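Undergrad: Please arrange chains U, Z, A, E, R, P and X with the ligands on chain W, whose structure you already have, making use of the hints.
8 protein chains.
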Amino acid sequence: RRTGFPEVVMAEGKTPEQVSEALEALLRSEGIAIASRVDPELLDDLEIPEDADVEYDEAGRVLVLKDPEYEPPYRGGRVGAVAAGTSDLPYLSECATVLEALGIEVHTEIDVGVAGPHRLLAAVRRLRKFRPHAVVAAAGMDGTMPVALNAMLDVPVIGLPTPVGYGLGGSGEAALLGMLQSCSPGLVVVNVANGIGAAAAAVKIVRVCLEGEKPSKKPRNSRR
Amino acid sequence: RRTGFPEVVMAEGKTPEQVSEALEALLRSEGIAIASRVDPELLDDLEIPEDADVEYDEAGRVLVLKDPEYEPPYRGGRVGAVAAGTSDLPYLSECATVLEALGIEVHTEIDVGVAGPHRLLAAVRRLRKFRPHAVVAAAGMDGTMPVALNAMLDVPVIGLPTPVGYGLGGSGEAALLGMLQSCSPGLVVVNVANGIGAAAAAVKIVRVCLEGEKPSKKPRNSRR
Amino acid sequence: RRTGFPEVVMAEGKTPEQVSEALEALLRSEGIAIASRVDPELLDDLEIPEDADVEYDEAGRVLVLKDPEYEPPYRGGRVGAVAAGTSDLPYLSECATVLEALGIEVHTEIDVGVAGPHRLLAAVRRLRKFRPHAVVAAAGMDGTMPVALNAMLDVPVIGLPTPVGYGLGGSGEAALLGMLQSCSPGLVVVNVANGIGAAAAAVKIVRVCLEGEKPSKKPRNSRR
Amino acid sequence: RRTGFPEVVMAEGKTPEQVSEALEALLRSEGIAIASRVDPELLDDLEIPEDADVEYDEAGRVLVLKDPEYEPPYRGGRVGAVAAGTSDLPYLSECATVLEALGIEVHTEIDVGVAGPHRLLAAVRRLRKFRPHAVVAAAGMDGTMPVALNAMLDVPVIGLPTPVGYGLGGSGEAALLGMLQSCSPGLVVVNVANGIGAAAAAVKIVRVCLEGEKPSKKPRNSRR
Amino acid sequence: RRTGFPEVVMAEGKTPEQVSEALEALLRSEGIAIASRVDPELLDDLEIPEDADVEYDEAGRVLVLKDPEYEPPYRGGRVGAVAAGTSDLPYLSECATVLEALGIEVHTEIDVGVAGPHRLLAAVRRLRKFRPHAVVAAAGMDGTMPVALNAMLDVPVIGLPTPVGYGLGGSGEAALLGMLQSCSPGLVVVNVANGIGAAAAAVKIVRVCLEGEKPSKKPRNSRR
Amino acid sequence: RRTGFPEVVMAEGKTPEQVSEALEALLRSEGIAIASRVDPELLDDLEIPEDADVEYDEAGRVLVLKDPEYEPPYRGGRVGAVAAGTSDLPYLSECATVLEALGIEVHTEIDVGVAGPHRLLAAVRRLRKFRPHAVVAAAGMDGTMPVALNAMLDVPVIGLPTPVGYGLGGSGEAALLGMLQSCSPGLVVVNVANGIGAAAAAVKIVRVCLEGEKPSKKPRNSRR
Amino acid sequence: RRTGFPEVVMAEGKTPEQVSEALEALLRSEGIAIASRVDPELLDDLEIPEDADVEYDEAGRVLVLKDPEYEPPYRGGRVGAVAAGTSDLPYLSECATVLEALGIEVHTEIDVGVAGPHRLLAAVRRLRKFRPHAVVAAAGMDGTMPVALNAMLDVPVIGLPTPVGYGLGGSGEAALLGMLQSCSPGLVVVNVANGIGAAAAAVKIVRVCLEGEKPSKKPRNSRR
Amino acid sequence: RRTGFPEVVMAEGKTPEQVSEALEALLRSEGIAIASRVDPELLDDLEIPEDADVEYDEAGRVLVLKDPEYEPPYRGGRVGAVAAGTSDLPYLSECATVLEALGIEVHTEIDVGVAGPHRLLAAVRRLRKFRPHAVVAAAGMDGTMPVALNAMLDVPVIGLPTPVGYGLGGSGEAALLGMLQSCSPGLVVVNVANGIGAAAAAVKIVRVCLEGEKPSKKPRNSRR
Ligand SMILES: Nc1ncnc2c1ncn2[C@@H]1O[C@H](COP(=O)(O)O)[C@@H](O)[C@H]1O
Ligand SMILES: Nc1ncnc2c1ncn2[C@@H]1O[C@H](COP(=O)(O)O)[C@@H](O)[C@H]1O
Ligand SMILES: Nc1ncnc2c1ncn2[C@@H]1O[C@H](COP(=O)(O)O)[C@@H](O)[C@H]1O
Ligand SMILES: Nc1ncnc2c1ncn2[C@@H]1O[C@H](COP(=O)(O)O)[C@@H](O)[C@H]1O
Ligand SMILES: [Mg+2]
Ligand SMILES: [Mg+2]
Ligand SMILES: [Mg+2]
Ligand SMILES: [Mg+2]
Ligand SMILES: [Mg+2]
Ligand SMILES: [Mg+2]
Ligand SMILES: [Mg+2]
Ligand SMILES: [Mg+2]
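Heads up: the protein sequence lines correspond to chains W, U, Z, A, E, R, P and X, in order. Be aware that the first sequence starts at 1, since it is given in my numbering, and climbs by one per residue. Be aware that the second sequence starts at 1, since it is given in my numbering, and climbs by one per residue. Be aware that the third sequence starts at 1, since it is given in my numbering, and climbs by one per residue. Be aware that the fourth sequence starts at 1, since it is given in my numbering, and climbs by one per residue. Be aware that the fifth sequence starts at 1, since it is given in my numbering, and climbs by one per residue. Be aware that the sixth sequence starts at 1, since it is given in my numbering, and climbs by one per residue. Be aware that the seventh sequence starts at 1, since it is given in my numbering, and climbs by one per residue. Be aware that the eighth sequence starts at 1, since it is given in my numbering, and climbs by one per residue.
Bound conformation, chain W alone:
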């Protein structure tokens, strides 16, 4: 794939036939086929190739089909996945399932927020030990955890705002705005609930890191 990230079928708003067909095509051409926003009812109605290895992440509503021969491209990649609260888990799960399907090792930390600084510091210590290439940080409500995390880690942190909350700003806007206004520079964000986008960003970072470890394939002679 041009961007190093496999196409993901957005199942919402498609018929079972359309999703089944798209998955089969991807499975044949790529060896892996992923669909997001797959509700259990839809899952029942899908036509799934008999020879595929099937994994369904119910919380994250992600379906992964693999050719038994499929070789995940990003082995050696490491990504941290941090959730501010348990309500943020489904969004993080969507992201993590895709990362793991591609061979990336994921280290998860849950219930880590600025309201509990000692737990946050402990999680930071474990994350540092894990030496991730990137960290995805999911938070709703005030969205402050990714801001704090980004200040304490020297690896790229991808903020994933979630629609957890209610009242003014409670559909993820407060979290998103807070991350955009981060007082610790370098925090980047994807849109509210976009776990697939966060995964794709992390994959790009992993890819460029792993690439660096191999000898450069073609001589470079850029003239600026």
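No wet-lab data here; the hints were simulated from the structure. Remember, it's a predicted structure, so these values are computed and weren't measured experimentally. Glycine included, each C-beta is placed from N, C-alpha and C at the ideal position. A hint or two may mislead.
As the list claims (entries may be wrong) - Covered by chain A, according to a simulated footprint, are these stretches of chain U (three or more residues, beta-carbon under 8 Å): (1) 11-18; (2) 168-181; (3) 185-194.
What the hints assert, rightly or not - SDA-like, lysine to any residue: derived pairs with alpha carbons at most 20 Å apart: (4) 14/U with 6/A; (5) 129/R with 210/P; (6) 66/Z with 118/Z; (7) 14/R with 75/X; (8) 129/R with 14/P.
TA: Chains U, Z, A, E, R, P and X with the ligands in isolation, oriented as in the chain W frame:
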């Protein structure tokens, strides 16, 4: 005064004559006269009674006139005043100057944010020692510090969002929304840049606390 | 607890098992366990320890479990609870139920708005007699009552905007904005429908007031 | 005029020549010529017909030219004009100057807000005595006064939100939204700072009332 | 009633018992009892006094109960009711039903918009003949009809924006904003879908007009 | 040019050197060079080729340079240009100056709004006689004129919202939203104040119309 | 019809009787009757004249009835219809069905986005060959395709934003704003999901183009 | 530094003394001192250590001071910097100057937009040859270029929205929303005009990539 908080003259949008007159009237009736949003140029044009004690807080643009006999009503009151960054100081200063004019002791902490957890924890330790009746926490940009502070203190924390920032949400909306969505319950807020409102809220808390230390003035027989 | 306010389980978006487990753990460690946004159907599915004292506030959707030995920490605390209209009651009830579970005496006033100034003045008179440490004022639509109340009382008033209304600003934004723009200084607010936050703020004020009545536990030597 | 309200020249964004010309034309055809948003500098540059009676309301920035023979059409009309604070006066003044130029008697009340219920009740008493055909109520910030006034008067109340305030909702949105969400039914509004619109609405009400006092000019035989 | 407009029970969000009780009380004290937002299912569950005259407007979801002796207070009042399209009718109907219950004659015009100028002009001619004290003009989508109508009539026009439309601004915001920005001065508005508010405003205008026709009850000696 | 519309240099935010250079390059390659948002002060500082024909539209702030040999490409094109009020003229002028520079005949109508239906109908009659290929309709405030015009003409109408107005929606949002919600289908819009965009859209329509009048250049054999 | 575009019955929010009646009337007077937003359930309940030719577009929810004698007015018209993704198809289909009912040839391109520049360039080549009078370009999410398309085609491009997406801006606002901010001048837009509006705009362009091919009906002597 | 990115002094809103002092301190402790938003007038007033190497980027308003001994930490790092138009350059320049100060090689591409697909494809080819670790893509108005770029590159792309534009969404909101809604997954964004944030994000990616090329410093034994 009915609410225990003196009237404050909002100088912005008034002529020097109107402000001078209002201040003189308050000085005579209350023994203290406070004006907010007083720019240095306006200050020059004011008619200030010769016998008044004058204090001008340039950063906070607050002018305080006092009768030499004035007895500040809230001696014994203690309020913490915390700023996330130096850019937040003018807004906090407006608040602190008013509190001190009323006899309240103010303990100030500056440059305290979630990006520096050890500095934040140290500030929290000093604040606890100070035993404030309330804490005013000023922050712009992501507005996360008051959320963290409120989680670590058992006294009332009043969030004061500031218009420090730029881009989407940079006029204080991100900070305000973050505080409204606080994951630590009990954080209350006033509007963006409303240092006078934060002071008034803190004064009400101080007043009700000090009141409790004196014997109740009138017998109580509430029938619910 | 660090903040003097017990953890409250937000039941919405959790499974019965998750809620039951969280409640049991809190009951064992704290002697009290509170869950908010508990719908009657969820209530039926919960596993509630046999030895717990159970209270369920249907209007406010709050569930309180107590160890029979539990000693409420804030006896002697007094909080006023005022609703602009009957539609605002569920939000106020969430707040009041939590306050009472912690031992605080709550005085309630209903159907109090600026449209009926004599009723408002009568309620103010009763509230003054009650001598509350704080008042929670719930209002939707135009949200004006808390503004008026704050002008007439010398105790802290916490505005609780409610999503009562329709049309532009009818999900609580008009009420929230009006309170933020309060022409009477010192009104503080929590987010729309955040009865738990209002309770937590009131508890902090009660705590710091009651504390003042006891001899100071440790000598104080803050150096500013 | 078709609507019973004279055309008003909006001077802002027009050259002195354009404004002068438009005023002269109106003066000749209508006997009265009104311009709004006339700054003092603009006034200096205008070409004003020598034979005109000139009135300039500096606060409201309204210029009125009259033919000495002009007969104001709405004598006997009575309109109340109420301002929540002194900062709201310029907006109210724009409205009142136009009303008076048309022969309407205006009764003004200033500094009337929900924060001072006794002053509000006193103003209401005086307004009732005045027996106005309509009342214009100008308020910024929380915009609550027109809501309260509308609840206490049986005549039409026109809310005039003003851009007095700062922070979220401080350009008149909070005031406008509050009036739109008025818990007392029947409050109508014009846009923020639209004193001319408020005057025009009041004139229409006055006109239809005065009309009723005269014998109907043409027989009526509407068949619905 | 203080404002000349009867209290209207907002049925939405109330139990059948609460609505029944409120209606009975109003019926006894006022001779008339009105409830808005009454769905047919709710209607079935209400306890309606046997001796009441009952009227139910299904489109407008308004229920009116009258004592057989009730004497409508505003006989002689005339109000025009204009709808831009048929989708706007329910909102207009809510308004008209209340007006008629109070004795006001209502002249209705439907499907009148700026897209059909000849139909609009014809409606204007009929409205002029009717000689209304006020006109209520309901429009969704672009909301332009009330703007045009207000320019062609010399009586008060009350804009009633409706949530008819979709896409950006389609919940009534475009209609409301357009009316607030009306290029014909004097158009006043109530909130989106607020037919009760429009009725209350029209009643106030009718009342002050009819009043003018009777001899003044008490001598007037206002001193400005 | 690929799109049939010449590149226009947006002068705002560029140095005189940058603008001069860009204009010279366009003049050489295209025979015509246009810059928008050229303030008089900037004009003074520009280096303008001696051999160019120069036209400067002060109201619209557009500068046009032409090679004396330049042959305007759209002779025979006809576009109507309608302004709701005089304040909308600068925005319309920007559009019209560009159209005329390209050889298009422009018929202008001013001060045409729904508030004056007879003037609007007269303008429509004149426009129909002119037989334009397209009409650009500029309006601020309520933005209703383009909606009405689109309903009365069978040629494409391009709505050009202008930032004429004040208060809520007064920066062109009300006008833009109204046009997007147009009850007469087929009205298309460009962004607020985008006279260049309106010109470009009109040019594309003119081009495709004129094209139709010439024999088709290449045989067509599209297979769908 | 005055505008050259037939009236379309918006079925949503109407009863089956109202829709049936409106369709029958249009069929009799115009020879064609179109209804939009017709859900399959509604379709079952409609009374459809026996002699009508019936076409139902399920994806676009459009119903077209034709008199067997009906002569489509725009034969020879050609419109391109481009969808960024399959999720945008229903909105485009609504538009295309109406165009084809009126005799216009429609060339459709699907799954054309800036993420696949080679597919986009190929589609552009096919569109150029088709020589459309106008192109309708439907896109949700980022809405970038119409911007790119408009830059590559010299015919009018009508942007049709769709509510495909989620998170901030995901109801079509991001797509709409992007098109309004188009860096390629001349892109015009209709509101989110307004396929009927896009069809009407395309029809007006087709009509004025076809008109140009016929000899002018009446001599022209416009005096500007 | 904890995050691998040096502290940057935000000069806006600070006095020359405060900026000078902060820069000197950073210079002493880090060997490098950077200030952003430094206007030329401010620059004149700064006290700059004589022994420092000084670089001032006027377009980007960035000031860099270096100890002559300073060793840039990220030599070998490569970042692409792409601007949609010349108006976007200042924002990109702020970012590039900081990157280069830290030793990173920056390859810049200007005037690259979806409106010119061949220029975009050529830029993509040059960028691929450069083999960057990350790409920063600055765009205002419609903000589409970063979306397209992200689809064509397999390295991380950081969208930097700029406030280039006018009308609805013209302060960078349209660009930001478009990037958040990117149909190519993995595009991450920073806030409008936040060139410093984009630089910090790129530095983190460079750092983690370069790190991978060195032998791991400490044995890793994370237990998940
Ligand atoms: N849940 C998701 N959120 C965001 N993008 C997605 C999601 N699922 C799939 N995509 C991406 O959306 C784009 C359009 O998907 P589709 O509508 O299936 O053509 C593809 O680039 C997918 O990679
Ligand atoms: N300050 C004002 N606010 C609102 N409308 C005004 C104001 N001044 C004049 N108008 C009205 O604005 C309309 C357009 O005025 P003009 O732009 O002068 O043609 C006329 O109907 C005036 O009555
Ligand atoms: N006033 C304007 N409004 C909208 N677009 C413009 C304006 N002036 C120039 N443009 C277009 O903006 C694009 C970018 O211009 P530039 O920034 O000069 O490269 C070009 O396609 C111009 O045709
Ligand atoms: N132009 C800028 N945009 C965003 N963040 C900045 C900018 N300049 C400095 N910063 C960061 O803003 C934070 C607060 O800066 P200061 O107000 O100087 O304490 C620091 O983390 C800086 O790295
Ligand atoms: Mg959270
Ligand atoms: Mg901050
Ligand atoms: Mg209320
Ligand atoms: Mg006020
Ligand atoms: Mg309508
Ligand atoms: Mg206009
Ligand atoms: Mg799309
Ligand atoms: Mg751009």
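Undergrad: Now tell me if each hint is right for this structure.
TA: Here is how each hint holds up against the structure:
no.: 1; hint: 11-18; in the structure: holds (count 3)
no.: 2; hint: 168-181; in the structure: holds (count 3)
no.: 3; hint: 185-194; in the structure: holds (count 4)
no.: 4; hint: 14/U with 6/A; in the structure: violated, 32 Å
no.: 5; hint: 129/R with 210/P; in the structure: holds, 18 Å
no.: 6; hint: 66/Z with 118/Z; in the structure: violated, 41 Å
no.: 7; hint: 14/R with 75/X; in the structure: violated, 34 Å
no.: 8; hint: 129/R with 14/P; in the structure: violated, 39 Å
Violated hints, listed in ascending order, are 4, 6, 7, 8; each of the other numbered hints is respected by the structure.
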